[in-house]
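All chains, full assembly: derive it from the sequences and hints.
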Amino acid sequence: MPESIVPVVRESKRSEYAHSYYQGLLVEIGNLRKFNTFVPSQDKNKTFLTKPLSEYVTVHKIYPFSYDHLVKRVQTIDVVWFNERKMPDSFFEVEHSSDINNSLLKFIELQDLNVHFRIVADKNRKKEYHSKLSNNAFKPISERVRFIDYETLSALHSKTIEISLLQERI
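In my numbering, the protein residues as written are 767 to 936.
Worth double-checking, as some hints may not be accurate.
The calculated DSS-like cross-link candidates involving lysine-lysine, where the alpha carbons are at most 27 Å apart (straight line), are [to be verified]:
#1 K905 with K812
#2 K925 with K800
#3 K827 with K872
No wet-lab data here; the hints were simulated from the structure. Note that the coordinates shown come from a computational prediction; the quantities given were computed from them, not determined experimentally.
Below is the structure:
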């Protein structure tokens, strides 16, 4: 392989791994919080730590919780947490290198669902997130969308595991 292509391939693989890594953190947090967790079929074979994401999720076929067009749209969300009634609770979009606007467009389509909308990205993208969210088109969801940076997500994952281990000892 020409040397000029190698860095591009490595960066692409690194970006893909980072995306699935943060999906995996979200899935584990959801599982520990007793949610049912889902990732899209195109992501199920991506690796989190040493195993495919499919081995961590608890929902392998999305629940038919609403109209077909809404369920199909939700199937494209990076991580979904479902409550015990098989209704969506939270939608997470991991924006490692993709356009935040695309996630906000998904969220605006799903605004009639009573869910939490979360964008997960590097803290350096927070200004971009605020800029996009301030667009008038996203006004209906602007109070419902939150930004989670990777560092905060990682800390939340660690603390959630700690709490879970403590609860097991009670």
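| message | Checking one constraint from the list: CA of K905 to CA of K812, max 27 Å. Satisfied? | response | Violated: K905 and K812 sit about 34 Å apart, past 27 Å.
| said: Holds or violated: K827 and K872, Cα atoms, limit 27 Å. | reply: holds, 20 Å
| said: Against the 27 Å threshold, does the CA-CA distance of K925 and K800 hold or violate the hint? | reply: Roughly 15 Å separates the two Cα atoms, so the pair holds.
When the structure is compared with the earlier hints, a violation turns up for hint 1 alone.
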